[in-house]
Amino acid sequence: MTADTASAADVAPLAGPRPGLRRRLERAAPFLPGLAMLTLLFVIPMFIMLAFSFWKTNSSFDLVRDWNLNNYARFFNQPTYIRTFAKTLVMASAVTAAGLAISLPFTYFLVRYVSRRFQRAVLLAVIVPFWTSYLLRVYAWQAILGEKGALNQFLMATGIIQQPSTLFVYNDLAVFVVLIYVYFPFAALALYAALEKFDFTQLNAAQDLGARPDQAFRHILLPQIRTGIITACIFVFIPILGEFLTPTLVGGASGSLIANLIVNFTRQGQFPEGAALAIVIAVFVTILLVVFRRSLRVEDVVARG
Amino acid sequence: MTDLMREYSRRQFLKVTGAASLALGMGGIAAACANVASSPSAPASAAPGAGSSSGAGASAAAAASAAPTGTFNWMTWGDHWYQAQVDTIAANNNIKANSTLFSDNIDAYTKLKQVGGQLDMVSGDALWVPHYFESGLIEAWDINSLKVASQLYSIARSFPIWTKPEGYLGYPFGWSPVQIYYDPAKVSPAPDSWEVLLDPKYKGRVVVEDQPVEIMAYMGKFAGVVNAYSMTPEEIAKAKDLLKQLKPNILRLANQATDTIAALKTGEAWIATGNLGTESRVKDQGGPDLNVFTPKEGTIGWMDSEMVVKGGANENLIMPFLELAEQAEYIAANFILNGRPLFNEKAYGILVNQGQQERADRFLYNKPETVQTMDLKGPGTSTQAVIDAFNEVFGS
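Line by line, the protein sequences are chains G and E. Going left to right, the first sequence walks through residues 1 to 305 as my numbering numbers them. Going left to right, the second sequence walks through residues 1001 to 1396 as my numbering numbers them.
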């Protein structure tokens, strides 16, 4: 490559002549560590897991390369797996919807009515829980929702209930509440990033032109923060499909989600059986991401960047 | 700054950060590899016996006379040793144990199959021990070659499941049946059967550990199954029916023993299954007085041992270490720390002399023959079907 072409490429890297192989490799260099990490720690393990899912475990706990679809048949033939997966989808949808319903007004108020300085303080408060372990945070909820927990103590002290209630923990409701708590920061931060770029005078303009507040909200605000909403949905919905710790700790005997059933296999060395169930979820997530991606136009991001 | 310069700087920045990331990543990997490669090996100067190992069956006397020193790798449970014990051995005898913890037998078995001789000693339960041997992962050896083995109850030196023509498969350590603990203030009349777990009176008041195979095994015992870890499809169906009755009574599936103890302590749970000593731990933490019983239908349980890994790089250190670490004084202290019966008979004498006899007897320390009445933990043939049955009950 000549010095001239190099200069041209430097000045106009996007519009210049097609770079040579070496040039492209140079440009790609910064991405190689990330690419290597993804390949080593994600792509290859996924392929290994995919291969496992077609094998079986013998009674000696050895993996046997007997290629078959039995592990997938288990998912579709035994109603408990489909029902539990459906329950997981409902839980993930409910938590995502509730998370958006809570975080959207929160971030709207924060961006529109709170000064920049206080916004930072509030955002810090949202992020602070990440500084403590997920496990500790969920254990703390046991102490809050338990029969002798803070909530029962409060309700009894205020005379709302006379006896401690056992309804707050070790059920689906507890899983729902704790998952909202755990994933709220993800939704809030995604929405904050979107709302921060929004020009709120557009809402006034819309109302000046005769739009009602709800119309301005639906037709002006929502379309412009769609990227943030979709990002929030992805950040909340998809991880919940793999949640097993929260159901384990606060779900009791009836709070299991699909990941809990998978863990029961893997903890007993039944890796192919667990892998097949995990692959089913992974395929579902991939389909979801494709759907999300189609509604997430690149120009949305670029135009507001 | 011109556009050209800015572009050039950004590109340079990306190159530098990319190179730095790559270097850090590679450095991390190299460090990890170096750690894995170096940790199993004793320093050459500190291990005169290294490279001339006479095998795990070498006599303790021979091992002691060779006085090998160094570090060996031990995969075990956290209650098989305590810090002061390994620190003292390291300081006085220069044998260091590099311990790695595991969660369950299958976890250890799977890991050992992957790393083989990188480990030197591994702990395992009951029927898992012969399974390790049959898989070619551990060595059999003459247990009586260790002087310290004379401190064991004689029964512990001759368990048929651990006896092979090639020798004994492990150094016996501890044991416990799974028992039922209950608060007598809340549970009456006094139960004597697994049936109490299913009694509708105790809806939402039972805690069991989140171990599907074990829960199905004791439901199997309740159903009259002979081999609770290798059930036939009909037996699994019976156990599953009982599990369905148990489910509404379960407050929670405890992630670990401490969760069970916490639930009993606060009074959220009235009944729980657990290992020997649970009632003492609840009491020690300020909980209520609990009663305990072994169900009349029989129970499941575990007894564990230390196994010598076949081809372990530092196996010459294992016998000298066991000779030191299994001494009665250490074992008695371990009992006081962790509260479950161990197989060292001499340690029982020490406990009696220390005024701990009541506690030791309550934990059946002096009745090691009890292990012969339990369905011992092991790699059953029905694991997959059992998990399916468990999932069907606890899934939606």
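Careful: at least some of the hints might be erroneous.
[To be verified] Estimated spans, in silico, between C-beta atoms of each pair: (1) E/Thr1232 to G/Asp62: 19 to 25 Å; (2) G/Met156 to E/Ala1190: 41 to 47 Å; (3) G/Phe31 to E/Thr1232: 37 to 43 Å; (4) E/Lys1113 to G/Gln119: 51 to 57 Å; (5) G/Ala36 to E/Glu1329: 19 to 25 Å; (6) G/Val283 to E/Ser1103: 52 to 58 Å.
[Stated by the list, open to error] Simulated crosslink set (PhoX-like; lysine-lysine; CA at most 25 Å straight-line): (7) E/Lys1265 to E/Lys1238; (8) E/Lys1244 to E/Lys1203; (9) E/Lys1296 to E/Lys1147; (10) E/Lys1203 to E/Lys1296; (11) G/Lys87 to E/Lys1247; (12) E/Lys1244 to E/Lys1186; (13) E/Lys1296 to G/Lys148; (14) E/Lys1283 to G/Lys148; (15) E/Lys1296 to E/Lys1346; (16) E/Lys1201 to E/Lys1244; (17) E/Lys1203 to E/Lys1265; (18) E/Lys1203 to E/Lys1310; (19) E/Lys1238 to E/Lys1296; (20) E/Lys1186 to E/Lys1203; (21) E/Lys1147 to E/Lys1265; (22) E/Lys1346 to G/Lys148; (23) E/Lys1203 to E/Lys1238; (24) E/Lys1203 to E/Lys1247; (25) E/Lys1296 to E/Lys1201; (26) G/Lys148 to E/Lys1238; (27) E/Lys1247 to G/Lys148; (28) E/Lys1201 to E/Lys1265; (29) E/Lys1346 to E/Lys1367; (30) E/Lys1186 to E/Lys1111; (31) E/Lys1201 to E/Lys1186; (32) E/Lys1147 to E/Lys1367; (33) E/Lys1186 to E/Lys1296; (34) E/Lys1346 to G/Lys56; (35) G/Lys87 to E/Lys1203; (36) E/Lys1201 to G/Lys148; (37) E/Lys1244 to G/Lys87; (38) G/Lys56 to E/Lys1247; (39) E/Lys1186 to E/Lys1265.
Keep in mind that the hints were calculated from the coordinates and are not lab data. Glycine included, each C-beta is placed from N, C-alpha and C at the ideal position.
Each hint tested on the structure:
no. : hint                              : in the structure
1   : E/Thr1232 to G/Asp62: 19 to 25 Å  : holds (22 Å)
2   : G/Met156 to E/Ala1190: 41 to 47 Å : violated (32 Å)
3   : G/Phe31 to E/Thr1232: 37 to 43 Å  : violated (56 Å)
4   : E/Lys1113 to G/Gln119: 51 to 57 Å : holds (54 Å)
5   : G/Ala36 to E/Glu1329: 19 to 25 Å  : violated (52 Å)
6   : G/Val283 to E/Ser1103: 52 to 58 Å : violated (29 Å)
7   : E/Lys1265 to E/Lys1238            : violated (33 Å)
8   : E/Lys1244 to E/Lys1203            : holds (13 Å)
9   : E/Lys1296 to E/Lys1147            : violated (39 Å)
10  : E/Lys1203 to E/Lys1296            : holds (22 Å)
11  : G/Lys87 to E/Lys1247              : holds (18 Å)
12  : E/Lys1244 to E/Lys1186            : holds (23 Å)
13  : E/Lys1296 to G/Lys148             : violated (34 Å)
14  : E/Lys1283 to G/Lys148             : holds (18 Å)
15  : E/Lys1296 to E/Lys1346            : violated (31 Å)
16  : E/Lys1201 to E/Lys1244            : holds (15 Å)
17  : E/Lys1203 to E/Lys1265            : holds (18 Å)
18  : E/Lys1203 to E/Lys1310            : violated (49 Å)
19  : E/Lys1238 to E/Lys1296            : holds (18 Å)
20  : E/Lys1186 to E/Lys1203            : holds (12 Å)
21  : E/Lys1147 to E/Lys1265            : violated (43 Å)
22  : E/Lys1346 to G/Lys148             : violated (44 Å)
23  : E/Lys1203 to E/Lys1238            : holds (21 Å)
24  : E/Lys1203 to E/Lys1247            : holds (9 Å)
25  : E/Lys1296 to E/Lys1201            : holds (20 Å)
26  : G/Lys148 to E/Lys1238             : violated (36 Å)
27  : E/Lys1247 to G/Lys148             : holds (22 Å)
28  : E/Lys1201 to E/Lys1265            : holds (20 Å)
29  : E/Lys1346 to E/Lys1367            : holds (14 Å)
30  : E/Lys1186 to E/Lys1111            : violated (44 Å)
31  : E/Lys1201 to E/Lys1186            : holds (10 Å)
32  : E/Lys1147 to E/Lys1367            : holds (23 Å)
33  : E/Lys1186 to E/Lys1296            : holds (21 Å)
34  : E/Lys1346 to G/Lys56              : violated (47 Å)
35  : G/Lys87 to E/Lys1203              : holds (24 Å)
36  : E/Lys1201 to G/Lys148             : holds (21 Å)
37  : E/Lys1244 to G/Lys87              : holds (19 Å)
38  : G/Lys56 to E/Lys1247              : violated (29 Å)
39  : E/Lys1186 to E/Lys1265            : holds (13 Å)
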